[in-house]
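Undergrad: One-letter residues, chain by chain:
Number of protein chains: 2
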Amino acid sequence: MKLVDMTVKDYLDLLKSNAPAPGGGSVSALAGAQGAGLIAMVCDLTIGKEKYADFEEGCKAAKEEALKLYEALTEGVDKDTEAFNKVSAAYKMPKETDEEKAARSAAIRAANLEATEVPFHTVELCLAGLKAAQTIVGKSNPNAASDLGVAALNLLAGIKGAWLNVKINLPGVKDEEAKARFEAGAALIEEAEVLAKAIYEEVLNSL
Amino acid sequence: MKLVDMTVKDYLDLLKSNAPAPGGGSVSALAGAQGAGLIAMVCDLTIGKEKYADFEEGCKAAKEEALKLYEALTEGVDKDTEAFNKVSAAYKMPKETDEEKAARSAAIRAANLEATEVPFHTVELCLAGLKAAQTIVGKSNPNAASDLGVAALNLLAGIKGAWLNVKINLPGVKDEEAKARFEAGAALIEEAEVLAKAIYEEVLNSL
Chain A
68 MKLVDMTVKD
78 YLDLLKSNAP
88 APGGGSVSAL
98 AGAQGAGLIA
108 MVCDLTIGKE
118 KYADFEEGCK
128 AAKEEALKLY
138 EALTEGVDKD
148 TEAFNKVSAA
158 YKMPKETDEE
168 KAARSAAIRA
178 ANLEATEVPF
188 HTVELCLAGL
198 KAAQTIVGKS
208 NPNAASDLGV
218 AALNLLAGIK
228 GAWLNVKINL
238 PGVKDEEAKA
248 RFEAGAALIE
258 EAEVLAKAIY
268 EEVLNSL
Chain B
68 MKLVDMTVKD
78 YLDLLKSNAP
88 APGGGSVSAL
98 AGAQGAGLIA
108 MVCDLTIGKE
118 KYADFEEGCK
128 AAKEEALKLY
138 EALTEGVDKD
148 TEAFNKVSAA
158 YKMPKETDEE
168 KAARSAAIRA
178 ANLEATEVPF
188 HTVELCLAGL
198 KAAQTIVGKS
208 NPNAASDLGV
218 AALNLLAGIK
228 GAWLNVKINL
238 PGVKDEEAKA
248 RFEAGAALIE
258 EAEVLAKAIY
268 EEVLNSL
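Protein sequence lines, in the order shown, are assigned to chains A and B. The numbering of the first sequence is the working numbering, which starts it at 68 and goes up by one. The numbering of the second sequence is the working numbering, which starts it at 68 and goes up by one.
Hints were generated in silico from the structure; no laboratory data involved. Note that the coordinates shown come from a computational prediction; the quantities given were computed from them, not determined experimentally.
If chains are identical, the list can't say which one is meant, so a pair holds when it fits in one copy or spans any two.
Simulated crosslink set (DMTMM-like; lysine to aspartate or glutamate; CA at most 25 Å straight-line):
| id | residue 1 | residue 2 |
| --- | --- | --- |
| 1 | K241 | E166 |
| 2 | K69 | E181 |
| 3 | K69 | D80 |
| 4 | K76 | E132 |
| 5 | K264 | E250 |
| 6 | K159 | D111 |
| 7 | K76 | D111 |
| 8 | K153 | E166 |
| 9 | K127 | D77 |
| 10 | K246 | E142 |
| 11 | K69 | E142 |
| 12 | K76 | E181 |
| 13 | K76 | D145 |
| 14 | K241 | E191 |
| 15 | K135 | D80 |
| 16 | K76 | E138 |
| 17 | K206 | E132 |
| 18 | K116 | D80 |
| 19 | K241 | E167 |
| 20 | K76 | E149 |
Excised from the complex, chain A in its bound form (with noise of 0.2 Å):
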């Protein structure tokens, strides 16, 4: 069964318990899905009244960007979980005679490229939620403003919590060029922290 098609109640009980799956990875994708949602909601609480006018533009962009954002994310809170349980069942391969050895060699090898690539387009997603969240900031239904705040910091544990997953799981990726890629991920929970924190602080400032 899906994550997503459980019960919020199962899935939080299945997260609390001693399997190691789901983890913090399914966590960061969920984080970031609010946070999506949460965006696409304060510019539904804008667009089509007359007050607002001004934000209408602005806000139907940065809804179209938070839908298409939303869906992956969405789809990610499941990806992860599967991705870890190839992990899994890569290291439980037998491992007797040499063709089963390289056969399980290459099968680990694979499941962490993907266990360390799922996160790291967590990062990727979370960040282009930030980047709308912030055309809106203050050019939005200010009744709806702190509900952009908490898709901000929701968005920036998504981003923080996945690079977590992506450093943790980085040692078992041999590909070079994955490897680089995955490094320079760093400028981007960077690029993250300033941004968050300036949305943040705006709609704090703003109350």
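Take the given structure of chain A and dock chain B to it, following the hints.
TA: Just chain B now, kept in the frame of chain A:
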């Protein structure tokens, strides 16, 4: 229907819709519930393993605390949306006669107090979660280090997000004692920032 009884997908779909609730308050409680749940998981992945015998007692204590906070934060997801709905309902009360006006004003005051109290409690619960996480950072299963970091990130998002909800509702709180108590919450946010940063950096440096 309670939000936590909906599927994750349906909850997210409702969140992203133009319905003003669920909004940032429920999202903040869910961020905290995910954080507390992850602490319990990390403890479970440590407890009972000979290799981590030195961490056993600390993880047992942290798990007990995390599970209490997890329950309260999971309840908070619905409590926040219920409190928001009460405010909306109070504003829609009739205001023709003096009696109606007085009843409406009293209902708005009571609803605003509750809508501020609920996120304030989320701040307190998430801060307690961060303190529990701090006791086991570096003293729990290192294979789950990223999960503990993600826990701290989500608890911090819960705290700061709930704080924005306290702040946006504060102008409607007329009870001076309650107002002063809520305003003093600013110190909790600073405390949480320091704690979460220390946990995140210790985890990041360990990877």
